[in-house]
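2 protein chains.
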Amino acid sequence: MRKDVDLKKKAVVLLSGGLDSSTCLAIASHKKFEIYALSFSYGQRNNPELQSAKQLAKSFNVKKHQIMNIDLSVFGGSALTADIPIPERDLDQAMNSGIPVTYVPGRNLIFLSLATAWAEVLGVANIFIGVNSQDYSGYPDCRVEFIEAFNKTANLATKAGIDGKGFTIHTPLMLLTKAEIIKKGTKLGVDYSKTITCYNPDETGRACGKCDSCLLRKKGFKEAKISDPTIYQK
Amino acid sequence: MRKDVDLKKKAVVLLSGGLDSSTCLAIASHKKFEIYALSFSYGQRNNPELQSAKQLAKSFNVKKHQIMNIDLSVFGGSALTADIPIPERDLDQAMNSGIPVTYVPGRNLIFLSLATAWAEVLGVANIFIGVNSQDYSGYPDCRVEFIEAFNKTANLATKAGIDGKGFTIHTPLMLLTKAEIIKKGTKLGVDYSKTITCYNPDETGRACGKCDSCLLRKKGFKEAKISDPTIYQK
Numbered sequence: 117m118r119k120d121v122d123l124k125k126k127a128v129v130l131l132s133g134g135l136d137s138s139t140c141l142a143i144a145s146h147k148k149f150e151i152y153a154l155s156f157s158y159g160q161r162n163n164p165e166l167q168s169a170k171q172l173a174k175s176f177n178v179k180k181h182q183i184m185n186i187d188l189s190v191f192g193g194s195a196l197t198a199d200i201p202i203p204e205r206d207l208d209q210a211m212n213s214g215i216p217v218t219y220v221p222g223r224n225l226i227f228l229s230l231a232t233a234w235a236e237v238l239g240v241a242n243i244f245i246g247v248n249s250q251d252y253s254g255y256p257d258c259r260v261e262f263i264e265a266f267n268k269t270a271n272l273a274t275k276a277g278i279d280g281k282g283f284t285i286h287t288p289l290m291l292l293t294k295a296e297i298i299k300k301g302t303k304l305g306v307d308y309s310k311t312i313t314c315y316n317p318d319e320t321g322r323a324c325g326k327c328d329s330c331l332l333r334k335k336g337f338k339e340a341k342i343s344d345p346t347i348y349q350k
Numbered sequence: 117m118r119k120d121v122d123l124k125k126k127a128v129v130l131l132s133g134g135l136d137s138s139t140c141l142a143i144a145s146h147k148k149f150e151i152y153a154l155s156f157s158y159g160q161r162n163n164p165e166l167q168s169a170k171q172l173a174k175s176f177n178v179k180k181h182q183i184m185n186i187d188l189s190v191f192g193g194s195a196l197t198a199d200i201p202i203p204e205r206d207l208d209q210a211m212n213s214g215i216p217v218t219y220v221p222g223r224n225l226i227f228l229s230l231a232t233a234w235a236e237v238l239g240v241a242n243i244f245i246g247v248n249s250q251d252y253s254g255y256p257d258c259r260v261e262f263i264e265a266f267n268k269t270a271n272l273a274t275k276a277g278i279d280g281k282g283f284t285i286h287t288p289l290m291l292l293t294k295a296e297i298i299k300k301g302t303k304l305g306v307d308y309s310k311t312i313t314c315y316n317p318d319e320t321g322r323a324c325g326k327c328d329s330c331l332l333r334k335k336g337f338k339e340a341k342i343s344d345p346t347i348y349q350k
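Chains as they are written, first to last, in this note's numbering: chain Y, 117 to 350; chain G, 117 to 350.
Hints in this document: simulated from the structure, not taken from any laboratory.
None of the hints are false.
Given that identical chains are not distinguished, each listed pair holds provided it fits within a single copy or across any two copies.
Straight-line Cα separation of at most 25 Å, DMTMM-like style, residue types lysine to aspartate or glutamate; simulated pairs:
(1) K299 / E339
(2) K326 / E204
(3) K275 / D206
(4) K281 / E150
(5) K268 / D279
(6) K275 / D208
(7) K275 / E204
(8) K126 / D187
Full structure from sequences and hints, please.
Okay, structure coming up:
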């Protein structure tokens, strides 16, 4: 039988190595969870992300960091996993053009499913994911209603949901602006120079400075009045 | 924009190579869907299953058969993916012992998530899965309530669910007994000698005849009054 005291203290944290997931990791760590970080090599373009994830996992003393291979590029359909150009445009345009080509079909559904499986094996009841619906509402799998539906489904899908108390999906960034996320993470010791947000970094991890994700990140640092430590190309 | 006529005619079918999923494939084929079959190499013991899946996909003329690698054995926690002995017992005992060690945490949640992602990329609205809650009620992710919750979640997770009509998860075997499944499949031309149900087959795919899954399959053929074409060890 699992012990409640254990259930309260451990968490699986989805960690991409980007700004949001790193802040989410810092929050879970600050809340004194013993952390099992889960990252994916999913055929994404920006593999320097995984190097960042490794460094961040280390700096927050996670109990275990599991990197799982899952080749979503066999499905294609996204600028992040297939040979589709990543758009360069201004942020207003990005925020008002509907779901962008950088959307990876089913990504958070898949990642949360795998996090649930691992959590069940570990006997862990808490799952953290750094989704955020405020500053960028284009992705359907970053919304409150998706997370709530997933949480119910995960509890119906698993032995832990039937035998025990089931899982709680934590989304501490859901309602924060990018500037608020950056302020919170800075306070909790996240070294953002080690995080990679860019959709199109070079092989050393330097950001392009032009993609939607870079623009949003720049704006976040500006609004937070925190100097932007990101290393840009050129 | 996707066309309704296309949406009605195509389906992603989850195909393990076992008795149930093969029957499910035959049913989708009989309903005149153009079929995109999806199988997983997930670190399971019985890899001859995948050979069966390939043969079955070919014999039902699927449009495409995608085999995806996803190593669930990194999580462990199941007799199918880790070094835990597979139980041998009588069927009454198997049916009344709760969730068995052959349960793979989160398996159908993960497989359906990946099927949803592929369906979204393909512009396909129908997903078939051969789950069955009648003859073997131990697995939480084979129940009607899980499938319904997943279907809602998939529609909230995806662009297809927001822009379009979303997905329909078909579970044509959900309420059938094993004998009824076998009768239906036989009528639709499934060659059950090519399907592998056993949890512990030898390297040539011959069944052990002793695991829960073999016992249930034997009982099914007996009750269906159809001669069992399964090739057993010794």
